[in-house]
Each structure stands twice: as C-alpha cells, then as structure tokens.
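Taken in sequence, the protein lines are chains A and B. Residue 90 in the numbering used here is what sits at position 90 of the first sequence, and the numbering runs on without skipping anything. Residue 40 in the numbering used here is what sits at position 40 of the second sequence, and the numbering runs on without skipping anything.
Hints were generated in silico from the structure; no laboratory data involved. Bear in mind that the values here come from a model prediction, so they are computed numbers and not experimental data. Ideal placement from N, C-alpha and C gives every residue a C-beta, glycine not left out. Check before you lean on any hint, since a few could be wrong.
Computed Cβ-Cβ distance ranges for the label pairs, DEER-style [to be verified]:
{"hint": "1", "chain 1": "B", "residue 1": "Gly1", "chain 2": "A", "residue 2": "Gly40", "range": "17 to 23 Å"}
{"hint": "2", "chain 1": "A", "residue 1": "His10", "chain 2": "B", "residue 2": "Gly78", "range": "36 to 42 Å"}
{"hint": "3", "chain 1": "B", "residue 1": "Gly78", "chain 2": "A", "residue 2": "Leu82", "range": "28 to 34 Å"}
{"hint": "4", "chain 1": "A", "residue 1": "His67", "chain 2": "B", "residue 2": "Glu15", "range": "45 to 51 Å"}
{"hint": "5", "chain 1": "B", "residue 1": "Glu8", "chain 2": "A", "residue 2": "Ser7", "range": "23 to 29 Å"}
{"hint": "6", "chain 1": "A", "residue 1": "Asn59", "chain 2": "B", "residue 2": "Glu8", "range": "19 to 25 Å"}
{"hint": "7", "chain 1": "A", "residue 1": "Phe96", "chain 2": "B", "residue 2": "Asp55", "range": "20 to 26 Å"}
{"hint": "8", "chain 1": "B", "residue 1": "Leu112", "chain 2": "A", "residue 2": "Asn59", "range": "38 to 44 Å"}
Just a sample of chain A residues kept apart from chain B, beta carbon distances all over 12 Å, derived [as the list claims (entries may be wrong)]:
{"hint": "9", "residue": "Gln6"}
{"hint": "10", "residue": "Glu52"}
{"hint": "11", "residue": "Arg55"}
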Amino acid sequence: DAGVTQSPTHLIKTRGQQVTLRCSPKSGHDTVSWYQQALGQGPQFIFQYYEEEERQRGNFPDRFSGHQFPNYSSELNVNALLLGDSALYLCASSLFGTGGRSGNTIYFGEGSWLTVV
Amino acid sequence: GDSVTQMEGPVTLSEEAFLTINCTYTATGYPSLFWYVQYPGEGLQLLLKATKADDKGSNKGFEATYRKETTSFHLEKGSVQVSDSAVYFCALSRTPASKLTFGTGTRLQVTL
Numbered sequence: 001d002a003g004v005t006q007s008p009t010h011l012i013k014t015r016g017q018q019v020t021l022r023c024s025p026k027s028g029h030d031t032v033s034w035y036q037q038a039l040g041q042g043p044q045f046i047f048q049y050y051e052e053e054e055r056q057r058g059n060f061p062d063r064f065s066g067h068q069f070p071n072y073s074s075e076l077n078v079n080a081l082l083l084g085d086s087a088l089y090l091c092a093s094s095l096f097g098t099g100g101r102s103g104n105t106i107y108f109g110e111g112s113w114l115t116v117v
Numbered sequence: 001g002d003s004v005t006q007m008e009g010p011v012t013l014s015e016e017a018f019l020t021i022n023c024t025y026t027a028t029g030y031p032s033l034f035w036y037v038q039y040p041g042e043g044l045q046l047l048l049k050a051t052k053a054d055d056k057g058s059n060k061g062f063e064a065t066y067r068k069e070t071t072s073f074h075l076e077k078g079s080v081q082v083s084d085s086a087v088y089f090c091a092l093s094r095t096p097a098s099k100l101t102f103g104t105g106t107r108l109q110v111t112l
C-alpha cells in the first residue's frame, strides 16, 4: 500500500518564476492538504482540497493555488516566486471528516524542497 | 485562533535519560491533539494522538496525556535512545476539517 507520494523531491527556481508540486494521496484517502515548512519552523497550513474543491485556506496569498483531480491527486502552484517561498512543502492526505478521530490518521509525504534564488 | 506553544529547543540528553517536552494549546472546544516526529531529511510521522480529555496516547515508549484543565499535552519518555534524536512537533486539529495547527517544534539530541 503506497503512502503519500510527492514530486519532485528537490528543485531550484529563480525569483519571479512559477512552480508546480505534485502529490498522490494514500490509497483510500480522498482529501489532500498542503503545508509550508520554513527552515526551523513548524508546518503552516496552506489549503485543503476535497471533491476537487478548495475547502479551507490558511493565511497565504493568492499566488498560492491548487487543484485536485478526479483520482484525488493534487497540485500546488506558486506564481511569482519570492525568496521567502523557499521551504519544504508537505502534502498530507486523510479521509474527509475524520480529522484524526475514529482511528483514522493524517499521513504526510516526505515533502518537496523548494529553493528560490 | 488556534495555537500551539512548545518548549524551546534544542534539548540535549544522555542516552537512558528521562524526556519531557512541554506543549500547551489554545483552542475552543475539544480539539484532537497530536505529536509528530521529523527525522533529518524526512517528512512528518505521527507519533501518538489523543482525541478527548484525559486520553493517553502512547507509542514506542513515548506517552502524552490530554489535560483539558491545563490545556496541555506534554510528551514524555522514560529512557531515550540515540535513535530518538529528531524534531518533535505538537499539533491540534478540529474535525471534520482535518487542518493541523503545529507548534514550532523541539529538537531533541540524544548522546551516548
């Protein structure tokens, strides 16, 4: 049973460019959330997708956008990259409505390391 | 809004020492509480969780008890090993949204 998979694992972009990160959730999960983890900090919630719609959004600008596909996989897009966007981007998958209760768990991928130069 | 406060690190211990990492939270209602661990160069792994007051989560010798009266969820282990060296994150979530609010993390370094 594959867990949460993310790609690419590492990438370097230049300020002003655009980036797309990809995530495949754990088998059986239908909800994908994205987090940004700056160096030395805890992960910060970006947004969550369920049924191909953005359900919740954290305090991130519109430069951050996403998409969920019918197979539940997801993309995170960041436009007009800034140096401050350099971080580890984590994808988490879960079953909608469980939030960790009822024995279900939120699973994280290993992340995509983005460096903006 | 919701928030999680963890003790500052790094925490440096000798092998077999007792570990406590403090975590307190601010949230209305009854959130679920979690401890996640992040080993160097890796993503987050769930270590343990508790979903209601007075619940004790445990895993791999680690324990934490959900204390509603003190809004705390302190992580403890009786005897740490070098392999426990990692960053530990306390987090909370509300159902059904599953959004996690994390603390800033506490780095644990265990030496021989």
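Now the hints, each set against the structure:
Checked against the hint of 17 to 23 Å, the pair Gly1(B) and Gly40(A) passes, with Cβ atoms roughly 22 Å apart. Remark: the range hint 36 to 42 Å for His10(A) to Gly78(B) is upheld by a beta-carbon distance near 38 Å. Taken as a hint, the range 28 to 34 Å is violated for the pair Gly78(B) and Leu82(A), whose Cβ atoms sit roughly 45 Å apart. With their beta carbons about 47 Å apart, His67(A) and Glu15(B) fall inside the hinted range of 45 to 51 Å.
The hinted range of 23 to 29 Å is not satisfied by Glu8(B) and Ser7(A), whose Cβ atoms lie roughly 34 Å apart. In this structure the supplied range 19 to 25 Å holds for Asn59(A) paired with Glu8(B), their Cβ-Cβ distance being about 24 Å. Checked against the given bound of 20 to 26 Å, the beta carbons of Phe96(A) and Asp55(B), roughly 23 Å apart, stay inside it. The beta-carbon spacing between Leu112(B) and Asn59(A), approximately 43 Å, falls within the hinted interval of 38 to 44 Å.
Not every CB of chain B is more than 12 Å from the CB of Gln6(A) (nearest about 8 Å), against its label as outside the interface. In this structure Glu52(A) is separated from chain B by more than 12 Å, as the shortest Cβ-Cβ distance comes to about 17 Å. Its beta-carbon lying about 7 Å from the closest one in chain B, Arg55(A) breaks the requirement of being farther than 12 Å from that chain.
Consistency note: the structure conflicts with the earlier hints numbered 3, 5, 9 and 11.
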